[in-house]
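Construct the entire structure; sequences and hints are all you get.
Residues in the sequence shown are numbered consecutively from 123, following the numbering used here.
Calculated from the structure, these hints are not laboratory results.
Quick list of the computed label-pair ranges, beta carbon to beta carbon:
| no. | residue 1 | residue 2 | range |
| --- | --- | --- | --- |
| 1 | Met123 | Pro189 | 25 to 33 angstroms |
| 2 | Thr124 | Asp145 | 12 to 20 angstroms |
| 3 | Asp167 | Thr142 | 24 to 32 angstroms |
| 4 | Gln168 | Ala190 | 29 to 37 angstroms |
| 5 | Ser169 | Ala190 | 28 to 36 angstroms |
| 6 | Asp158 | Asp131 | 14 to 22 angstroms |
Listed next, the in silico SDA-like pairs over lysine to any residue satisfying Cα-Cα at most 20 angstroms (straight line):
| no. | residue 1 | residue 2 |
| --- | --- | --- |
| 7 | Lys188 | Asp131 |
| 8 | Lys188 | Glu177 |
| 9 | Lys188 | Ile149 |
Where a beta carbon is used, it is the ideal one built from N, C-alpha and C, also for glycine.
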Amino acid sequence: MTTYEQHLDEVATLLTEIYTLSDETAIEIVMRAQDDDYFSAHDDDQSLCNQERAEHDARAVFKRYKPAKAAPGR
Numbered sequence: 123m124t125t126y127e128q129h130l131d132e133v134a135t136l137l138t139e140i141y142t143l144s145d146e147t148a149i150e151i152v153m154r155a156q157d158d159d160y161f162s163a164h165d166d167d168q169s170l171c172n173q174e175r176a177e178h179d180a181r182a183v184f185k186r187y188k189p190a191k192a193a194p195g196r
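Listed below in structure tokens is the structure:
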């Protein structure tokens, strides 16, 4: 189990690895999801902050919050 902040970092990292996004784009997606309260349950229930859930969240937030044209990583 990780902290809420570590979970968000892991989701951003997975976005860069799975979708070859730049760090900036991955962070933007996570921030948009966070602003939209996607991660509210994670803040309330720390047991949701785990690797399996991070992988699920990375795919879910990419699908929902990806930019119109995803910027490739470096």
